[in-house]
Structures are given as structure tokens and as C-alpha cells.
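Residue numbers (this note's numbering), protein chains in the order written: chain A, 276 to 855; chain B, 1428 to 2008.
Just so you know, these hints were derived from the structure itself, not from any lab.
Remember, predicted model here, so these are calculated numbers, not experimental data.
Cβ atoms here follow ideal geometry from the backbone N, Cα and C, with glycine treated the same way.
Heads up, some of the hints might be wrong.
[Claimed, not checked] Distance ranges between label pairs, derived from CB positions:
no., chain 1, residue 1, chain 2, residue 2, range
1, A, Asp603, B, Pro1750, 54 to 64 Å
2, A, Thr649, B, Ile1609, 27 to 37 Å
3, A, Pro773, B, Ile1609, 31 to 41 Å
4, B, Gly1442, A, Ala480, 50 to 60 Å
5, A, Ala339, B, Val1494, 36 to 46 Å
6, B, Val1887, A, Pro622, 49 to 59 Å
7, B, Thr1541, A, Asp658, 41 to 51 Å
8, A, Thr649, B, Thr1872, 41 to 51 Å
9, A, Val460, B, Leu1441, 50 to 60 Å
10, A, Gln515, B, Leu1583, 44 to 54 Å
11, B, Thr1541, A, Val347, 35 to 45 Å
12, A, Gln515, B, Pro1750, 28 to 38 Å
13, A, Arg514, B, Thr1746, 26 to 36 Å
14, A, Arg514, B, Thr1541, 52 to 62 Å
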Amino acid sequence: MIRRPEPSGAGGTTVSRAIFRLVSAEPRAYIIAIASWTAFFLTPTLVALLVRQLFNHLSARPAALTPTSILVILGTVEVGRWLVLLGSQIQFDGLWEGLLALQRANLLRSLALDPAPAGPRLPGAPGEAISRFRDDTLDINRVCDSWIDLTAVLISTSLTLVVLATVDLRLTLLISIPTLIAFPVCRRLAVRMRALRRASRESTAGVTSFLGDVFGAVLAVRVAGGEDKAVERFDQLNRQREVTAVADQVATTAFQRFSGMAGEVGVGLVLLVAAPRLRNGGLTLGDLTLFISGSLSLAQLARWYGRIAAVYRQAEIALERLGALRPDGRAVEVMAHTPTHIRFGPPALAPVERQASERLEVVELHGLTAVHATTGRGVHDIDLHLPRGSFTVVTGPVGSGKSTLLRALLGLMPLTAGCISWNSERLEHPGLWFVPPRSAYLPQVPLLCSEALSDAVTLGHREAGQDPVTAVLEAVKLACLDDDVAEMADGLATVVGPRGVRLSGGQVQRTAAARAFVRRPELLVVDDLSSALDVATERRLWLGLADALPGTTWLVVSHRPTVLGRADQVLTLSDGGSDA
Amino acid sequence: MPASESTRLLFGYLGPERARLTVLLGALLGAMLLPLAGPWIIGRAVDSALGGADASGLGRLALAYLVVALASQLLQLWVSRASVRMAWRTGNRLRSDLATHVLHLDQAWHTTRTPGLLIERVDGDVDALAAFFQSIVLQVLGNGLLLTGVLVLTTLTDWRIGLALVVLSGLATTVLVRLRSIAVASNEERREAAAALYGDLEERLSGLEDLRANGAGRYALHRLLQNESRMWHAARHAALRGTGAYAVAAAIFSLGTVAVLALAVTFERGGRLTPGTVFVLFRYAQLTREPLERLAEQLRDMQKAVAGANRAAAILATTTNVPEPARPIDLPAGPLSIELDHLGFAYPDDLVPVLVDVDLRVGAGQVLGVVGRTGSGKTSLGRLLLRLWDPTTGAVRVGGIDLRDVGQTSLRRRVAVVTQDVQLVTGTVRDNVTLYGALPGDDATLTGLLGELGLGRWLVDVGGLDGVVRGTGGLSAGEAQLVAFARAFLSDPGLVVLDEASSRLDPVTEAKVTAATDRLLVGRTAVIIAHRLATLDRADRVLVLEHGRVVEEGDRATLAVDHRSLWAGLLRTAGGEEVSA
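All chains should be modelled from the sequences, with the hints used to inform the complete structure.
Here is the structure:
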């Protein structure tokens, strides 16, 4: 649910503050960028001055330097300009990535490591979440970029105007007029353009998400013979997009042409007013060329103004969306100065240490209530006592809240009421607490990322004083995955996940099991295994576990008789409440 | 597919725009040649001013300049608008064809391509093509015209300087083109780094729950930072190569301008040129820079567009492995019999066959239960009955007709499947149940059906048939299954394939699904594929598969009481798994 933010005056200030925070993470690089781009933008003025000297020679006017020396300096400046560009571009592109990295790292840190559960903060589909990381951060970066451009343009334009004014003040004022008139017009055009841009983006998003849906559900569509209907809908969406996109693109071009026209009007004015003064020698030919090029470059300024306003508006929306990903909603924290190790990459992850105080004696749920925001369903007033080494099974019909209970315990969703205690101490942030080595989680629908199988099992987990390879092998064996691994060509190094080898549902489930086991947790929370494993495999899995993981406390969702059979206690849920 | 063929294929899409294209090019000619008059007018003004002309004459020249300059801008705007619209119209035609073609390709093709990739192919590549078309018109053609005009006019003014300008422009362009390939390669590196970063990030975000509860948050961050570092290096590298290439070309060109100026000044000193003409030549030399820059940019875009064009053409040329028969036959009405005639099947890239010599008959209206371990081939059997694949050996006959002879439309309507993972789309409930209107059913039918299946309360909660479903739509796994049942009901098939339909359900909801199954199976043939034996209570016949072979097949009741049969054996082992309802 993305709220459409209302335009507010305060918005611009928030953007500026956030951008300032962001660029102050790389102050030196930023200032260098500004300086180099200013130098780059100043070269045309320098060139114009030199050309003026040259043309003065042509009209037999006094000039400080000989034509040859002017030409030599001119050549040097022209070549130098491109060297400056190259240096500026390299430095800037690095800075650009660095600023993006900072934002993205902070976003991910907040989602993956903050106490509050990530679920409610993430937008509907992962595709939309990626849009935050990719597009919204880019929108913020564009403001940083436009600050550099604006500063460079302002400084170079001011200097240019000063130079022009020293030659002829009245003419300078004259050529400023078209640009000054252009400003408010450009501003109004820019507002219109923003609305058109937004409409265009929305219709594009509509098209791509439709395609994502159809291709994601391609089996269902094909089996129902719905290909043609789907294409009909696609055509309709494309036609809508065409309208908005054309309007958007034409508006952008019109905007550019308009500022171009302002420049030409300036040149016309120069011809009208300045050319006659060539006769009586009031103005030199060199001065004329100076003012013609001055007029053309001044007109560019109006274009910049519009661009910056548009960029700000987009950044406002982006900031709101990024802020929504944080539990405190403070977008400016996305710009916090955390190390990105961008040049040399991050240091290796530290191994996990077990603390004696973390030994589980008892976990208790007191009146735990957790309700989904969207559906209103969940669990109510659950009491549970899990002593060390116990095997607790949660069962009940679908919708009774079994998975919800597990997720609430692990801090993956917020509690509406009640509390959780560990060794009789109430937990403020279960989400931060219930992590390895204290607990591990085997969800009902585990997901694998595209990486080597051994990485998919460890996910960076390493214990001090333990050989990582042995640990993985043991865990894989416990999860009854060893036969499958033996059949894979690259064994544990096989790349699995969406962009790797496709594993069957059962293999994915067992990989997730290995992942939980390798962490040798105090508390093992297992959601329903029966969905992906057949009877025989599941039984084999449970058989091995009791002996291999002694001292583990189990909390398992199941309705299999074998599992229920070995339970020390069974919690039956129905409609969110426990059946006594 | 060779580049020329794909270009020809795609240029065919421009066919309907021929007339408009001609007008467009004519306008472009005007728009680009008008600006050439500008410097010439200024040159005249300078010379007449220096020569002592009167104010009114100069005033007329100034006015002429304004008219010419403004007219050019307006024409360019018109050309831009026309080319944008043309690009969208043509692009949408191509998108439609690509989408149609892709959707009709077989499952083999689809399993190896993610939705994200397909979006890139059907929409992203066309975007690149359309953008390139737009830019070809204005930027490449337009600037090409401008450049040619400048060079011609310069040569006409003074042939030596004209020659110099031609040579220098040629040199700068050659350098640009040669160095372009370097730029493209380094961009590839950057794109790959980006793809790795976003790909990994998207996967981590999808499994965020797993991450947090398994303490892998810092690992995800670690991976991100590694990818970011890679991006930083790739970006700077790309800048060095890309901008470096451009900078070299631009420097050559700039020196060229200085050279032109030097020549012009020398000739003026020699009395061969007027100061005004020097100014004109100088302006013309400056005018060549922007076109060259634009052309360079377009060369970069062209690479993307050409790659996209090749991919699009390749897709359009792909044929499905499951082709529509030349003379399609319709499946008969009513329940359909099944005949698997020495059926053998292996997936295209696999050496190990998934099904070997499966031979059985199921009468119309009967229910066949199929069991076997994961990997026994039972899922593939279901896929073959839906003709998502064609058998490698043998034949699949439904209603007495080989599926390869059955028309697509009839097949889709008369054979339905209820799968374990139900695919929902972001859209209205109606869209989801009827699949964008592919399945017939008016609102009353839909509401009634959903109510009967036990989704009445959900329907009200979500806002009726127009209510929007996002993600799982607030449906639990069990309820989502019922949507699949609704789709099957609307299809009114003669054969239903229930693929592990009841695996993820617990006793109470299973009762709902059981009721739905009972109703669905009335007057229809069914194949139930499951690994839970309780689901198969209603089967008339059973089939036990092991490594793709039939190890036992026959009447269920008979096999159940025969204690030597495998079926009876399986029932005994699973006996402890029966859960009281």
C-alpha cells in the first residue's frame, strides 16, 4: 500500500536535509566533483574570451596577445577541457556508486537487522521492493548530481556574466532578458512535466507488473487457454501507456526546444542592438562573438532550473517510500554514515560465539496475541511453556494460526498483546533474540538464493573452533540430503536457487533443514514439513534428529501421527485460540 | 539468426507507417537545414555592419535570423513528436506479437526462462528498439543531414577550409567508432555487476523471513557490500574506457576547430576572406561538434537496440515443441477415457527417461490414482495428459484421440488441472478466477461457485468480484487451492488432473477440498496424483510408479484386499498416517 504523497512545502526541506546528510558522507569526493565540473563548464567562457581576442585582431583592434599565441592557448584549453572531463567522469561515477551503496546498505541493514519485523514494511511483491533499492535510490542520487551541476552552472554563469558585464553592461542586461522571461515559463512547464512523468511511470509499472503476473502464472494461463485474452489485456494496457508516454516525451522535448528558442531570441537581440555599433567602433567584432556565445549559453540556465525542480519532486516521493521501509519511518536515517568498504570490499564475517547465558532453560509465551494487519486473522491469548529439551507440537486446521504463532514467537511479526520470556526474562525484541545460536527456523516454504549449496546451508554462519566444511557435511547428512548431494555433479559447490540448478520441493525443504541444523540451535522452530516431503522421507528425517541434536528444544507444526506421537505436549489451535 | 534477417523482419513492422515516415523525413530535412542559414545571416550582418550599412538593413537581417532560428526549433519539435508517436505505435505492434508468440510456446521453453527475463524480452528489448528508432530519426538522420550541410556549405565558402573540416570530422568519427567497442565492452561489465547485485538482492528480499530468523541478515549485507564494491570498480572502469574514448575523439575534434580557425584567420590576413566569413566558418566548425556527439551517443544505443532486435527476431522465429495439429479435432463431450499406449518420456536435456513403457487404460468417468516417490514420474504423467509436453515414444489418447491431433482450444477446455501451487495474478477476483476472461462465467455463476467452494467469506472480505488480489490475496494455502478448483469448474472439463492437490492441507480444510473434489469428479474422468494415500480413497483404479515404470496397476479395491500387492503394502505402512477427520 503506497500512499500517494501530497505536495507540501515542507517536502523540499526534507529532501535537502537528506541529501546534505548523504553527500556529507563523502565530503572530499563531492567537493572535488563540484570543482572539476565547474572548471569544465567554465572552459567555453575561456574559449570565448580567447576567440574574442582573435576576432579583435581581424578587425584591426588592439589585443593583448598575438594570433599565434592565442591559437596555441586555445588549442591547449580545448584539449585540457577533455582531460578534465575524463577525470571528472571517473571520479563522479565512483562517487555515484558510493552514494547508492550507502543508501542500499542502510536499507538492507534496516530490513534484515533491525529489531522490528520486516514483513509489514516491505511492499507487496519482491519486485516492488527491488524498485525501492534500484529506482528510489537513483532518484535520490539524481538530486546529489543536480546539486553538483547547479553549483557548477551557477558559478560558471556568474563568472561569465561578470566577464560580459565588464565588456558592456547594457548588452549583458539585454541578453539576460530572454533567459529571465524563460524562467517562470520553464517552471510552469516543469510542473506539468512532473504530472505527465508520474502518469507515464504508473502506466509503465502497470504493464510490467501485468507481464510479470502473466508469465509467473503462465502454466495456469496456458492450461485455461487464456493466452489470447491475456494478450488482449496487454494490448489495452499498452495503448494506455502509449498515450501517457507520448505526452511525457513530447513535453520534455518541448521544454528543451523552448529554452533553445530563448537563446536564439537573445542572439537576435544582440544582432539588432550590437551589430549597428560595429560601424562606429563602439563595439568590436570580438565583443559581438562573445555576446552571441554568451546568449546561447545563458539560455541553458533556464533548462537547468526546470530539471532541478523535477528532480526534487521525484526525490520527495522516493524519500517517502524509502522511509516507509524503516520501522521509525525516518528516511534521513537511510543516509546514515555507515562504512561501505566500497573500494576494497567488506571484511570477512566474524564467527558466532556461544554465550553460557544463552543456554535455554525455558521459553514461555504469556497471553501471546498477534494479528495480521490485512486479514485480521491470527492467534489470540496463547500460553505456552517450553522447557529445555522438550518436544512441542502445534497442530490445528488451516487458518488456525499455527504458522502465525511461530512467526510471532520469532519476532517476524509484531505482537498485539502478551509477551515472550526466555529463562524467565521478558524479551523486548524477540526478533533480535531468536537468532542463531539461540534459535533457528525451518519455514514451510523455504526459499533458496542463487549460490553454492554449501553457502545456502551456512549463509555466512561460522562457529569459532569448528571446521566449516565438516559442519556442513554433518548438517547435510542429518537433513537426509547427502544422497542427493552425492548425485550432483559439483556436489556441495553446485549452484542452486533461481539462477542455478533446480531442486525438487523435497530437496529445497531438506536444504533448509540442513541450514537450521548447522546452526545447532538451542531452540529449533519447524513449520509444517509435510507439504514438500513424502511420508517415508519425512520419517527418515525425524528418526535421525533426536539423537544427533541432544538438548535441543523443539517447537514443531505438524499433523503427522509420528510427530504427534513423540510430542511431550501438543497445542491444538482453532481459529486463533488454543483448544484447552 | 543473421543480423540482416532480423533487421528485415523488424523493419517489416514499419511497413504500415510508410506514408507518415516520408512526410516525417521531409520535415526533418527542413528542420535540420534551416539552422545552417543562421550563421550565414550573422556573417552577412557582420560584414555589412563593418562596411557601414544602415540600421534598417541590419534590422532586417536580425529579423530574418530570428524567423529562421525559431522556425527550425518548431519544426524539430514537430518531427520529434511525430517520431515518438510512430515509435510507440510500431513498438506496441511488436510487443503484442512477441507476447502472443511467447505465450503460445511450450512449457519446455518457459521453464528455463524466469518472468523477469521474459519481461525484459517482451517489453524491455522493444523499449530499446523504439527508443533507438526515435533517436535514429532525429539524432542520426537529422544530425547526419546537419553535418553534411555544414561540410558542404563550408567547402562552398572556401574549399581548402572545407576540405580540412571534412578530413578532421572524418578522423574524429573514425576514432569514435573504433573506440566505441571498448566502451561497449566496459558497459557490459557494469551491467553484469548490476545484474548480479539486483539478482542477489531480490532473492534475499524474497526470503527475508528465513534470513532474519536464521541470523543470516549480516550475510545478506555482506553479499550486498561485495556486490557494491564490484559495481564501484566496474563503474569507474566503464567511465575510463567510455568517457576516455569520447574524450580522445572530442579532443581531436576540438583541435580541428582550432585548426579551422587558424586557417581562416590566415586567409583573412591574406585578404581572401572577410571577417564575417571567418565568423561563419567558425560557427560552422562549432556546429559540427553537437551532431558528432549525438551520433556517438546513438552508436552506443544502437548496440543495445541491435542486440534487442536480434533477440526479438529469435523469439519470433522460435517454434513450439508442441505444435497445433494441421487438422485439429475436437475432444468429444462428456467424460473422457484415457489410453496411455506404451508411453515413454524424457525431458529434452535429460538422458534418464522419466517415464518408461507406461501402458494403461482408464474408462470414461473412472478415477485413477497415481502414487510413487518423488521422482517416480507421476507429475510428468499429469503434464503429458495436459499436452504440456509430447511423449518421446508411444502415445497419449484422451477420448480415443491422440492428443497430438486435438485442437488447442478444445484441449484446454476439456482437460483441466488442479495443481498444488496455485498461480494467482495481481488483479480482480474475476481476473483470477476466469484468468482475464478466458474461462466462461458471468458474475452470478462466479459468486455462486466461490460460495459453494467455501470461499464466500473471503470473497466478501476482499471486496467482491472486483476486489483486488495482491500476492496471496489473504488466502491461506488451502483456500488458494479452492480457487484452482473454481477455475476447473468453470472450464467444465471431461478429464481432470489433480496434481498433489491435498498435500498441504490439514484435516478440516481437507474436508472442504474433498467436497469440492467429489463435486468436480461427478461425470468426469480424473487422474489424482498424490503421495498421501488417504486422498486416493475415491479412486477406482490405482497406478504405482517407480522410476518411471509401472510396478502395479489395477482395480483399487481388489488390490487393497490382496495382501501380496504393493498397494496393500503401502496402505499398511501408511496406516499410521491416517488422521482422524
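> Of the numbered hints stated previously, which ones are contradicted by the structure, given in increasing order?
Replying inline: Failing hints, ascending: 2, 4, 8, 9, 11 and 14.
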